[in-house]
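Just so you know, the protein sequences line up as chains A and B, in that order. Per this note's numbering, residue 438 is the first one in the first sequence, and the count goes up by one each step. Per this note's numbering, residue 4 is the first one in the second sequence, and the count goes up by one each step.
Quick caveat, the hints were computed from the structure, so don't treat them as lab data. All values reported here derive from a predicted model rather than from experimental measurement. A hint or two may mislead.
[Said to hold, decoys possible] Computed list of lysine to any residue pairs in SDA-like fashion (alpha-carbon distance at most 25 Å, straight line): (1) B:Lys87 to A:Ala651; (2) B:Lys455 to B:Phe422; (3) B:Lys271 to A:Asp629; (4) A:Lys904 to A:Tyr969; (5) B:Lys569 to B:Gln390; (6) A:Lys616 to A:Tyr969; (7) A:Lys660 to B:Gln390; (8) A:Lys743 to A:Pro848; (9) B:Lys271 to A:His601; (10) A:Lys660 to B:Arg96.
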Amino acid sequence: MAIRPLTIVCEIDLRWLALMRERIASRKLKSCVFLVLCTVGLILSEISAAQSPSANGETFTLNGTVVNSVTGEPIARALVQTNGRVQRSAFSDSEGHFQIDGLPAVQVTLTAQKPGYSTQHNGPGAAAGWIAIGSNTGAQVVKLVPQSAIYGRVTDASGQAIEHVPVRLTARSVRDGRKLWEQRGMTETDEDGHFRFPNLMQGTYYVAAGPLVAEQLLAAGEKSKTGFAHVYYPGAPELASALPIQLSGGQQTEADFSLSAVPVYEVSGSISGHLADQGVGFQLLTSSGDELSLPTTFNMETGTFKLEGLPAGSYIVRAVAQAEGQPMRADRLVNVAANIEDLRLALAPSVSIPIVVRMESRSSSNVSTSIRLHDRPPISVRLLPADANTAESSSTVQRGSSTMVLQNVDPGTYTAELMPQVPWYVQSATYGQSNLLYDDMFVASGQSYPMEIVLRDDSASLSGTIKSSDANQPSATVVVVPQPAGKMTPRVVRGAGGDFNVSGLAPGEYLVFAFDSIDGLEFSNPDVFGPYASQAAHITLTGNQRGQVSLDLIQIGKGD
Amino acid sequence: MLARIACALLLIASLSAQQSPQQSQARQLPVTATQPQPTASPAPVPQGYRIAGTVVNSLTGQPVPSASVAIAPIAQGADREISKSVTTGADGRFSFVALSHGKYSLMATARGFSLQYFEHHDPFATAIAAGPGLDTDHLVFRLQPDASIEGDITDDNNEPIQNAMVRLFQASTEGGRQKTVPMNQDQTDDLGHYRIGHLAPGTYYLSVSARPWFAQNSGPHRGPGNPKSDAQAMQDAAALDVTYPLTFYPGTTDSGSATPLQLTPGEKATADVTLHAIPSLHLQIHTASAENAVLGRMVFPRISQRIFEGYLDSVFNAPDSWVAPGVIEISGLAPGHYIVEMPPSTGPNDKGGGKSWYREIDLAGDAEISASDGPSFASVSGSVLFQNAQRVPRQASIQLTNPETGETFRSDIAERGEFDFRPDDVRPGHYIIALENVNGFFLQKLSATGAKVIGRTIDIGSTGTVCISGIASHGAAQVDGTATREDEPFAGAMIILVPQDPANNAPLFRRDQSDSDGTFTLPDVVPGQYTVIAIANGWDLEWANPAVLQPYLKKGETIQVPAGGKMQVKVQVK
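Next comes chain B alone, as it looks inside the complex (with noise of 0.2 Å):
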């Protein structure tokens, strides 16, 4: 079952205005998960159907108390609401009663322990299916306690550092790769100190970034023409042009010799960073405006480092000044690898001049970089051609994702079916292609000129114009199955419905995880052929790499997907 946490309930909470911005991005989520009513409707029962059993802290088996447990009815085509809510009592037990044949979304929350569905594997759940024949009356719902991480921000001179900014990130492998994303922050208090908490279990890394207190990297006035008094104000004035550079746990500035942070269920962990500031380096940005910043115009150029290998990080702390006409000064950089965006320019005067262009630098020593030195963002638009439609959907839009950096550019198709992703112009890279909100549309053919595609993926240079041209068709299916074990239905797998060419075809891939009467649906699936398969254990397998997914394949089930429809499939879990 696919859990859709953001919308099935309504978790009655206190305004939390210290949410960070991680935190409050629902998940990207496939689209809406329908389910399969029961086959038969069965004569009303007169006592229903009941789920039960005992809610326990996952690392002691204790039974939880006053924990708040829900049920939401998963049903084709409705949202899911909470239907039923109860407390448990002191020996953690809980019980739904009366409830009719079909499937549930079974959740809890107690103090100390995050909102969590039963069997959890995000985005995925279990489901519970009542009905003839099904013991759902003994369940233990297993609630992991939430771990923590906190700790204190000292400068060289081991006195707190306020107001850094301390960043938390996960090793996921939620998409199918192993990857590092930003996932909370905090800020340290007046103590230095920081906490980050409601944590599941996990790896994790920490990075810090701060401004020290007394840096001035704007350097100083000149004096009144004492050559000796001006030397030493310049000397001064350079003791307090310093930086830190981004600090990753336990002290490296480089990201990949970061200590990871294993935090296991209820864990309270402790990380302590010191920041050694050190020379700020500057950075000086000829415009191809040549003019002076005008109020209400200002274009800023975007400083970012890639960290974990991929990620996209901005820049913070990075005080920049217009120096000259036309030329921004970037001051406070640390030495390192930066990526440096000019978004395009809107001024009435700019038109030609002001086009976006992009850097990657190697910053050792103070540096100057122009708008004529190197490659430019590419311009990215097209059109799909919407087969046997009265009109585009409404809300239809087509998403380039770079699977390495996490980076997504998305623009709207317009009624006509073009689209056009400027002025957000696209990073040279590689890129997964896919459409969103087209009700049951999926792409079929895939073109382009001045980019090379392969399957649902393009490979985007520098060279500047890139037009793209698709044809979607309608007709997607649905697959339904049940995983089963020695012939008994298995609760819990991780369902994968593998396309042909794994590699080159990231969209058209789908998941679930059998629910407790062993059944899945796979939604929205493009017609063609596939393997499904069912894995006991794989919620941690990089499934999108081809090579990891090889010994499971020949196990699996192919199927032939026709369009429109459904189809039925049984599965053996591996």
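Bound-form chain A, shown alone (with noise of 0.2 Å):
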């Protein structure tokens, strides 16, 4: 029956956890349990159907209300859809409610949806899963999300509106820990100076405007003088002091923007290291990484630029190429003031990072210090880029041999995430003067070192037990933060049935911490954790050892 491979793939998901140290555990095994629910609920449907109770025409009627999940108010004019063996729908009357009637016994999944909502997170729509129609089949509440929007109005200092400004929407989310931004939108005000950006999820998000050129007929040859800043909202010139717009589900924000005249420059000069009759593209990129458009020329015989329109600032100045497949790049940081000509890019391929693993076993049972041939190293080693241009990179090893590689690695500065393999841990990492366990990873444009890792398998385990108020002993994360608290990103596993277990700690120092929730939580950054340091455990593991501990729940959930 179908419920054998399915099972499978729980597995590889459940061994992939293990893999990866269980460190996104609540979001993999929310899908792991929802795959197990698929596969019930069909198992159901089929001894259902092979009962066949409509065989005898017996029908039932499904009900229920679909709501605004923010506000519990009901929603009207909602396609409410059954899915499964039988495929039905209706739409929800002014008051919410919605009736399916001359259902046979079967198993149906329901689905709602709105324009200007979006369905809950478990499951596609999922009001409860599976649900068994029949006599006893209560009435189902559907819920769904409101979206959100952020809106505005970009001025100049005399309150006139200004036309064709962009507009750039990011937004900032937690992942794996880590702090990210996304660029989510991307517009342009309209002769009213307004834009909008509608249908946003929930979430931190930051607004930015400009910079603009300012619109005048010119003379052939003569160069643009004014123009508008680029600004974060609600004013401020970097990332760093721009005020986060929290939007809550449903939630209509206003962000205006007020922009000023200011002189504009024109930053020129020419690329080296291209290939003749080669297209190079260009970015300008703010200190805080954010791309800016502006008007740009390249003149592929002569390999010579042109950036018009800049106001007075910092900025990256970026080419880009491809040689033969391999990309290349250029970066520049400009301080502008004034009219820049004959800046000089060279591009240069990007960087091949071998990675050296030296395994130092401790353990009676295996006395090699070094990798046999052939065999991958048990650890994965991924560079997370500080700018938000730049991309992600992991290892890879080369096909009939154990060497890892970083491969294409653009110029900038990463963090290391260094991800080896129950019993091993990482007792020291360098690249170049670098130490990965506490330092960031500044790779050069066209230089680059071995990273070197050594290996240990006399790894600590700590377990224990997370005591909790709650008496329904809620499920809990336990995160192991190592002290001093340097790039190594803590491990977070999950506790069920408030106990915990976590292999292959490294012997050093810790503090350990129960979480209700991490969602949200930039765990990757040791400043989270000070206010919640006082309800942690401090622990000291040595090579080998066995910890034991026993930790009370921190609430920080919203409780939902």
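Make the complex out of the two chains shown on their own, each in a separate frame, by following the hints.
Right, here's the structure in full:
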């Protein structure tokens, strides 16, 4: 029966979880549970079909309400559909009520949709997974999450609307314990200076407007002299000083800008290192890594470029190209306070970084101190860029060898994420002069070192119990933070049934926390644990030790 | 003067990502306007000449401050670039000094005023002639404030429709015929709101197309075999198998009954439209290939509607799917008249069977059509003999234009003068034939097999194969002239060079607008007999309609234009 392959999927999922050392356990576990539910649903529906209660023609009614998940208010004119063995549909009435008659006794899922609303996260709009249709089927409540919007108007110092101002929307979220900025929208103001970003999910957003070259007629060869600066809402020059906009479900938030006219400059120069007749792309980035849109010209024949309309400030001018499939790039930090001529950009190929792994076994069963040929080293490495416009890079193993390498790494600043397999832990990791356990990794253009990693296998483990004032013993997440805090990401495991177990820990000092939820917690940043330090367990683990600890549950979740 | 907006100036504007295709399409302009050099170069004047005046709001007469004003010299053969630009002060005044003798195009823009040429009547404008005895110091540059249309699109339940495509059509006499052509579009936001700005005054129509958000046109899957619940499932599915017909403001599905929006300069108009969902019709098309669709060589039919008495409008929001080998079903259609075109299939197994075809159908219910039901496209090819030419001009092409629908087919002319419109087969109809990029060559003689040629037009039927032969001669001429009224030079008049048998010789017409000294230039004139007419307020005339021209022709100047060279004419403004 169908259960077999599906369970295997789940097992793979769980193994993979173990491999990733349960670091992103909560999300994956949910999808696993969902798969199981689906499987059970299918089997049940098979059974019900086999028993064929509808053979006698008996039918039932499914009814319920579609509600706004934030306000609880009913939603009219939502489309409600059953899926599974019977596909039926109905619209909710003005009270949000829906009714589907004549259903045979089978298993169905229920979805609802309506413009301006998103379905709930758990399953595609599923109210309660699989519903068994029968005489005991109760009224269903289907929740839809209202979408939000950010809108506003951009005016000049005299209050007059400015048209064609580029407006960018950036969402800040936390994924895998790291802050993540994602561009979610890009628009332009209309004739009345208005812009609007609709259909947004709740979350934290930043809005930026500008820069813009003032519209005017210019004689041939004349440079534009005025424009409007680039600012983050409500008027900050830098992302760091910008005001985040917190959107809750269904919220419509206004974010107006007043831009002042400023002198603008031109940056021109030449490119070297590219092939003749080869296209070169240009990006203008702010010091916080946001890409700006300004007129750019590149002359393929002469290799010269021109960026127009830059207000005074610091920028990164980036050129990108491809040479025989290999990415090429050049970055130059420029401080613009006047026209800049003759800026030279030298394109350099991205670099490859070999990873040299030394395995120091301390266990009596394994005396080898170097890896066997054709064996994959028990670690994977990921480079996480500090700049949103640079790509991530993951280690690969070359076919037929055991050599690990990070390919096509663009110059820039990264955090090296090191993920060894139990029982191995990272004893040391260096790149050139940098200690990757504590420092950023800086990759220079056209130059690379081997990344040197020493693994040991005398890792410790830690298990224990989680005490909660709540008798229902809700699920908990245990975070194990090495001390002193460095670049090593804390270990995160799910506590099930009040117990937890974590292995593969490097000998050393740790702070151990048990949270009810870490959704949205930026746990790769040691500072976020400051407020909870008094509720943590402080332990020191030695090689091969099996530590025990009892933790108090820290309530930080919203409780829904 | 012909105002070449597309290449005449460097307008620094922000990267306009929302620019619609209609906007960005450069106007089809005749070949380069050439202007006569001043007949005698006068001695350099130390102070030079001046072009000066005031920019005013055409609606209020008030001066426009902070307007950007520029001039571009008109020089023979040279690309015209802006030579000087200034910004008006609070009094709206501008001045350009130390100018040399010659003609200049004058243009301006300001916040709320799109770029406009002096006394423009697109694509023409009045150029300013600066020189001895000419007063160019007291110009009044009337800028028309931009108008806009905005509104809300709602459904049967008075709820906003997001992502509805709102398109704006403009009634225009450009080309000499009353036509309604698409000019801009916008998509509604989450509130069902749209807005189209920067509009010139004129007559506009609005159409709205959208797909109901709850529409599911593919039909339900069969249930587990319970007849009662199956019937209910079919009933539910029918409630979702709906569509919105293409709807014109204020709420009609017939473009002929659409209400025009008459926009005055600076008007902020509102136009709301409600769309009504109706049951969707399904059209099954049996293609010739009778094969399953194969990725990489899938051929999809094009469905369009004729709106505004001719304009061919593609149907959006009609999902299609292969329902059987070689059978494609278009769903989400509203009742109405459609044109279904099947482009030629290029698959290796489709040779012969993959011929392109088209159908016109009146859809009132679900229907099926097949490749063998009716007329095919015509395959049009032929050759042009370029007389006394070493070689065919580079990038020469031949163009067929349907004056009613605006449909245009174009084919490159190859080295030996041959051309072939395939694989873009030509829909039967009446077309104007014209050559493009031929450097002073003109079509002297035209004939065809498989179709009927009259003058420079051709009637293509659905007979299959059409072969056109043409003879192109060199020696296009230039007609320069002066428009006068009561012996005074007259600026801003519409000048039309009317060929004999105007109804069948549309490509021979030439037009211009007289400049500030009354002079004009008609380039690229095919030798022959013409009548030159000058009309004072004729910019809305359907000049390509012989009946409209008739009263003016009697008062025009009849001229015989010889091959090559230039000729001068004086014409009285009517």
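Status of each hint after checking the structure:
1. B:Lys87 to A:Ala651: holds, 17 Å
2. B:Lys455 to B:Phe422: holds, 18 Å
3. B:Lys271 to A:Asp629: Holds, at roughly 12 Å.
4. A:Lys904 to A:Tyr969: This hinted pair holds, its Cα atoms lying about 16 Å apart.
5. B:Lys569 to B:Gln390: Since the Cα atoms of Lys569 of chain B and Gln390 of chain B sit roughly 21 Å apart, the hinted pair holds (cutoff 25 Å).
6. A:Lys616 to A:Tyr969: holds, 19 Å
7. A:Lys660 to B:Gln390: The given pair, whose Cα atoms are some 48 Å apart, is violated under the 25 Å limit.
8. A:Lys743 to A:Pro848: holds, 23 Å
9. B:Lys271 to A:His601: Distance ~19 Å between Lys271 of chain B and His601 of chain A Cα, so the pair holds.
10. A:Lys660 to B:Arg96: holds, 23 Å
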